[in-house]
Structures are given as structure tokens and as C-alpha cells.
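**Q** If you want the building blocks of each chain, they are given just below.
Number of protein chains: 2
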Amino acid sequence: MEREQVYNFAPGPSTMPDSALKTAAAELLNFRGSGMSIMEISHRSALFQDVFDSACAKLRSLMNVPETHEILLLQGGATTQFAAIPMNLIEGGTADYAITGSFSGKAYEEAKKYGTAHIAANTKSGGHDRIPSQEELSFSPDAKYFYYCANNTIYGTEWQYVPETAAPLVCDMSSDILSREVDVSKYGLIYAGAQKNMAPAGLTVVIVDKSLAGRELPCTPKILSYKTMIETGSMLNTPPCWCIYMLDLTLDWVIAQGGVKAMEERRQERAGLLYDFLDNSRLFKPHALPGSRSYMNVTFRSGSDELDAAFIKGAAERGLVNLKGHKIAGGMRASIYNAMPVEGVKALVAYMKEFEVSHV
Amino acid sequence: MEREQVYNFAPGPSTMPDSALKTAAAELLNFRGSGMSIMEISHRSALFQDVFDSACAKLRSLMNVPETHEILLLQGGATTQFAAIPMNLIEGGTADYAITGSFSGKAYEEAKKYGTAHIAANTKSGGHDRIPSQEELSFSPDAKYFYYCANNTIYGTEWQYVPETAAPLVCDMSSDILSREVDVSKYGLIYAGAQKNMAPAGLTVVIVDKSLAGRELPCTPKILSYKTMIETGSMLNTPPCWCIYMLDLTLDWVIAQGGVKAMEERRQERAGLLYDFLDNSRLFKPHALPGSRSYMNVTFRSGSDELDAAFIKGAAERGLVNLKGHKIAGGMRASIYNAMPVEGVKALVAYMKEFEVSHV
Numbered sequence: 134m135e136r137e138q139v140y141n142f143a144p145g146p147s148t149m150p151d152s153a154l155k156t157a158a159a160e161l162l163n164f165r166g167s168g169m170s171i172m173e174i175s176h177r178s179a180l181f182q183d184v185f186d187s188a189c190a191k192l193r194s195l196m197n198v199p200e201t202h203e204i205l206l207l208q209g210g211a212t213t214q215f216a217a218i219p220m221n222l223i224e225g226g227t228a229d230y231a232i233t234g235s236f237s238g239k240a241y242e243e244a245k246k247y248g249t250a251h252i253a254a255n256t257k258s259g260g261h262d263r264i265p266s267q268e269e270l271s272f273s274p275d276a277k278y279f280y281y282c283a284n285n286t287i288y289g290t291e292w293q294y295v296p297e298t299a300a301p302l303v304c305d306m307s308s309d310i311l312s313r314e315v316d317v318s319k320y321g322l323i324y325a326g327a328q329k330n331m332a333p334a335g336l337t338v339v340i341v342d343k344s345l346a347g348r349e350l351p352c353t354p355k356i357l358s359y360k361t362m363i364e365t366g367s368m369l370n371t372p373p374c375w376c377i378y379m380l381d382l383t384l385d386w387v388i389a390q391g392g393v394k395a396m397e398e399r400r401q402e403r404a405g406l407l408y409d410f411l412d413n414s415r416l417f418k419p420h421a422l423p424g425s426r427s428y429m430n431v432t433f434r435s436g437s438d439e440l441d442a443a444f445i446k447g448a449a450e451r452g453l454v455n456l457k458g459h460k461i462a463g464g465m466r467a468s469i470y471n472a473m474p475v476e477g478v479k480a481l482v483a484y485m486k487e488f489e490v491s492h493v
Numbered sequence: 134m135e136r137e138q139v140y141n142f143a144p145g146p147s148t149m150p151d152s153a154l155k156t157a158a159a160e161l162l163n164f165r166g167s168g169m170s171i172m173e174i175s176h177r178s179a180l181f182q183d184v185f186d187s188a189c190a191k192l193r194s195l196m197n198v199p200e201t202h203e204i205l206l207l208q209g210g211a212t213t214q215f216a217a218i219p220m221n222l223i224e225g226g227t228a229d230y231a232i233t234g235s236f237s238g239k240a241y242e243e244a245k246k247y248g249t250a251h252i253a254a255n256t257k258s259g260g261h262d263r264i265p266s267q268e269e270l271s272f273s274p275d276a277k278y279f280y281y282c283a284n285n286t287i288y289g290t291e292w293q294y295v296p297e298t299a300a301p302l303v304c305d306m307s308s309d310i311l312s313r314e315v316d317v318s319k320y321g322l323i324y325a326g327a328q329k330n331m332a333p334a335g336l337t338v339v340i341v342d343k344s345l346a347g348r349e350l351p352c353t354p355k356i357l358s359y360k361t362m363i364e365t366g367s368m369l370n371t372p373p374c375w376c377i378y379m380l381d382l383t384l385d386w387v388i389a390q391g392g393v394k395a396m397e398e399r400r401q402e403r404a405g406l407l408y409d410f411l412d413n414s415r416l417f418k419p420h421a422l423p424g425s426r427s428y429m430n431v432t433f434r435s436g437s438d439e440l441d442a443a444f445i446k447g448a449a450e451r452g453l454v455n456l457k458g459h460k461i462a463g464g465m466r467a468s469i470y471n472a473m474p475v476e477g478v479k480a481l482v483a484y485m486k487e488f489e490v491s492h493v
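Keeping their order, the protein sequence lines are chains A and B. In terms of the numbering used here, the first sequence is residues 134 to 493. In terms of the numbering used here, the second sequence is residues 134 to 493.
Extracted from the complex, chain A is given alone in its bound form (with noise of 0.2 Å):
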């Protein structure tokens, strides 16, 4: 069977590695020989531990995770973390958000549950259609965390510096995570739902500071606290263990083609066909302002609701799929993960010429 081609565009769940769907489904009801399928093998076997182990030695050597610092490999995607990242580590103290979009004020929210958050900086008068700069930002005193979320998906913004700050930094890299080089010791915590870069939805990267953990409010639920994550091996219960097994498989392939810094080559070159024909079009307008562009979701318009639906419509047509906006930025977004080829981008680029031209 062969896939048909498609560009799919979707923001997450989305493109996957060929390379991977492929060995997935020809070794689906036999793994290894085991005469079982991955789905029905035991998370406590030496089969799966192995899948396991070698996933985490994978993201470990690309990423560059210090010894100082555990991968975990959760359930409960970033909504979790939003909760699980104040129960362990604010201390009932306080901690700096940066609310650069959705999920960063989402965040913001849940952390007030549990202690005293403070707004760092706040790009919502501006439609988050910025990052804020180091000079903008405010710290609190004491604070036990400095929170931000690395790229927002809805609003095509990306951090393009690492914030300096006094106390440890938390990121959320749900969409930028392995698509762009991170130096992994500078963070007290990097979280990451999967469902973008690294497998299907249902597993959560955690790489934690283990100086961090043993620190939570007494109301964690057991299965939240990063130091029993730690201390059970992310096994305290039965882990996602075809997301792992899918976060092995695209992790190879990432390796294949050439690791991080091949990602990030490869996002820059995407990303810059698109803002170079947006910068110059005469119809179709980008959100983001320069220098808080993101890399992995590009977002435009048209200035006019009904030509965007036209241009979403007849993109689909051409097997250009998902370039709808979300409904509270409206317009169009281009998800333009890793595994998005730059042919797939290239075609895109031609439609929208194509569009203007004929609509302008």
C-alpha cells in the first residue's frame, strides 16, 4: 500500500517520518519475531524495556541531555504539565510566566491553583503577534521558576533567544522540540507534548533537572510527581508504549537525516520560502512581526474571510491539507514541522502565487 500524496499542514497530530509509518505497519503483528504485535508485549519485558531504553538514548544523544538531567516519558500531553510543573515545583512560592499566547496563559492559569504566579510579560494587547525582548521582561523576586512556552502554535510566534533569568527556566517545546539546537543545561525543565515532532499524540517529554524534583505540594497526585518518575524509570504505571515505540521510530530517522542540526537547516529553508514570498506578496499578509517568527507554524491572510476560505479550499484541492487557522486566530497557518518536506512547502508557495495572481 501507498500513500497517496498529501501535504499535510495540520498543527498537531501530524506529518510523520514515512520512513517510520512504513516500519511500523510491516512489523505491526510481528515484532522482532516475537510473534506478537508491539500493542500486546508486556512494558515490563526486556522486548519493550529495549524499545524503551533506546528511545530515551536517541533523544539523550541529539538533544545532548546532560547526566544531570532525566528523560521521562509521560502520559497527559502539555495540559498535564501546565498542573504537574507548579504542584512540583513552586512551592507554594511564586513563579514568572510569560504569556506569549494560548497555552503559555493556559498555563498561567492552572499555576495560580497552586501558588502565586506572576505575569513576566504579556504580548496579548498586540494579538501575540510578538516576543517580548530580555529588557521586557519582569522577574519577581525570589521566584521559584521562569515559565514560557518556546513557540506558539496558534499564533505563529517563536522565541528566538533564551530568556536570561535568575531562577531555573521551564520551557514548553511542544513545537519546536527537536527542530531546532538547545542547550539542555541552561533549562530547569523542557516539556514537550509529542504529537508534533516526535510521535503520535498520547506521550509527553519531560527532561527535568533532577536537582529539581522531590520538591511537590503535598496534594501531587502520586503519578504527577516528577520524583517518582524518576525513581520507577517514567514506569510507575503502564507507559504509552506505541507512542514510545513511534518516538524510537522517527527518532531514527531524524538520526538518518542528519540530526538536530539537519532539522534546523531544513526549518530554516521552509520557513524562509514562506516569509519570503509573504514579505513580498501583494494579497497574503504573515501575523508575526520579524524576529519573533516561528519556524514551525507560519501564519497569513488574506485581509478578507471569504478569500481565505477560497485559498483553504482550493489548496485542499491540491492535496495541500489543514491550512486552516485556528478558530481564535483565524486566516491560515502553516504547521511546517520536521517532518514536512520542503517539496511540500514549495508547493504551497506555488498555490499561493498561483492564488494571488488570480485574486489580486
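Check before you lean on any hint, since a few could be wrong.
Derived pair list, reagent style EDC-like, types lysine to aspartate or glutamate, alpha-carbon separation capped at 16 Å [said to hold, decoys possible]:
hint	chain 1	residue 1	chain 2	residue 2
1	A	Lys446	A	Glu487
2	B	Lys355	A	Glu242
3	B	Lys155	A	Glu160
4	B	Lys479	B	Asp409
5	B	Lys460	B	Asp441
6	A	Lys355	B	Glu242
Think of the hints as simulated: they come from the structure by calculation, not from any bench. Values in this document were obtained by computation on a predicted structure and should not be read as measured data.
Following the hints, put chain B in place on chain A, whose structure we already have.
**A** Structure of chain B alone, referenced to chain A:
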């Protein structure tokens, strides 16, 4: 690619229906002609919502879930529910817990964080070899709910009756859901990790009386609020799409086999073969007492650790795999969930006979 003949007695993740696995493999690269894998499709798309709705409708029909109850498809496993249940239902008051094994004990420990957990019964002194009778259950006045685990995977015991209680019944059916007919209207909440009878690990089904929602403690993470999950159709955030898809395929198989009634007949046949043999064996002894025996997990031992090890090794050589008991119970355990064919149990009994003849 065909499967080799292996009978997999793993306690979960565990054997899945061949038909579900074959369909998944066949359409993994191209779901319903979309040109995309089900893993790449947005959870907000009509294509995925259709899968989600289909799984819920089949579950509702198969289990005869009344309209008073909502079906939630969540992440986090039973261990997450150990906390979510008291956070949502205990209201700072008291709840009764029947401790009949490892997991109900863990649920009890977690509940103590959020209110007063009263031990309604505890079978630990007998090595959890039986289920308490109705008369043995101790109720606290004004309990917010009565909690029990329908089937104890580790010890191989199962409740053969529904406790009569003044408080709403809350039941962990992780290892026997869909294997027997249940009057859902008797329950305030039923939940089950999917990885035994329903889907791969990473999905938790919660069936909750809607009138019990909305009572969560202030410290409850939003993701653990039943009210929020009811309001968002289980999609406050991205659900575990692949597992939900596999649930839908597995439910197709249950329906094709004749539904829950057929599952119940088969489980009686499977467990009957094993217990009949065990009750007449000169070598093997079952752990659970008659009247408390599990139809899903049959636990037994030879009386000698060496013979147990030899038995497990010899079984594996015959393609009867994962028969080793849980480390805290020892001995052997045959987990015989819905997808285990009767032929697998017959092959196991034949080997037990052969082993007995040569070792007594």
C-alpha cells in the same frame, strides 16, 4: 506478513484481536483514502471525530450505558484515576475502600491525600486469595462513594457480586471490562485502563454519572476534572488518538463475536478449563479460593520455585509465553482476556498435564 502462532498470556498490555491488528496494519499509511495515517490526522478533524464518536457509540451500546452516564476517553491510566476519583468526588469527606489486592491498596493510599479513606474490607491477611462477602463490608456513615477493584490482576480474584451500598459505587474494571455483563446504572463511576480488553496502553475509559461531576477540590488539575472533560467531549487537549482508533477496531471485533454476552460465555469456557484442571491436579494449586476466582487472571503454583521456573521456561518453548506471576505474588499467572482464543487455554492445559505427568 502472517503472525507466528504464539499464545500470549501477558497481564497487560496483552493479546489483541487479530482482525483489529490486521486492519490497523493495512490502513496505517493511508486512513480511509485521506493519504494520511490516522496518527497524522488532527483530533479536531471530522475524520477523527468520526472514529471517536464511533468508539463511544459502540461502547455505549455494548455495555448498555444509560444516558445519565458520560463516556470519557482519557490518558493517564488507572494510577491517574487513583487521584482523580477522590479529587472529584470526596469533597473533603470520607470514602470507603475495599482493599482486595495491590491496586485497590494503591487507590486507598492516594485517596488519603484528599479526604478520609475508610477501609471497608482488607483481605491482605489471607494473601488476597478471596473477595469479602457483602456481610463483611464495613461502611462509614455519609461516605461519598464506595471504591472497589472488580478484578485483581495480580492475585487472580474477582468480585462475583455487586456490593450493595448507600454511597455511589466506584469501580476499577481495568482487567474485566467488556468480559461480562454489567448493569452500569448501578455505578457512579466505572473506569478501566484499556490495555487488557480494549486497546493498547495509553487510554483510560471512564464512565461517570454526570450528576457526580462538578464537585472537584480546588487543587484538582483541570485535566483531571470530570466536569471539564464532559464539557469538552474528552478533548480539553489532544486525546490519545491511536489508542482510540484501536479501541474502535477492537469493539468491531467484540460486536462481530456476539457482544459482551459472547465474551462472558467465552471467559467461562476459558477459565473453566483451567480451574477444572487445577482442582484435580496433583502438582498445581490455584491461589484464589472458589467463589472468588478471576475469569481473567488464573494464578497457580506448583509449590516449588524451581518447578515453577521450569514450567514457565518449557511453556515459552512451546509458544505459551508470559506465564510468570507478578513479582509480589510469585508462581504462575495465565491472563486470559477477551482476545485469548480458547485454543490457547487448551494448549496451556495440555502442557500443564504433560508437565505434571513428568514431574509428580
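**Q** Evaluate each hint against the coordinates.
**A** Results for each hint:
1. A:Lys446 to A:Glu487: 14 Å, holds
2. B:Lys355 to A:Glu242: Holds. Lysine 355 of chain B to glutamate 242 of chain A sits at ~10 Å (cutoff 16 Å).
3. B:Lys155 to A:Glu160: Within the cut-off at roughly 11 Å; holds.
4. B:Lys479 to B:Asp409: Holds - the C-alpha atoms of aspartate 409 of chain B and lysine 479 of chain B are around 12 Å apart, at most 16 Å.
5. B:Lys460 to B:Asp441: 13 Å, holds
6. A:Lys355 to B:Glu242: The hint holds at about 10 Å.
Of the numbered hints given earlier, the model fails none.
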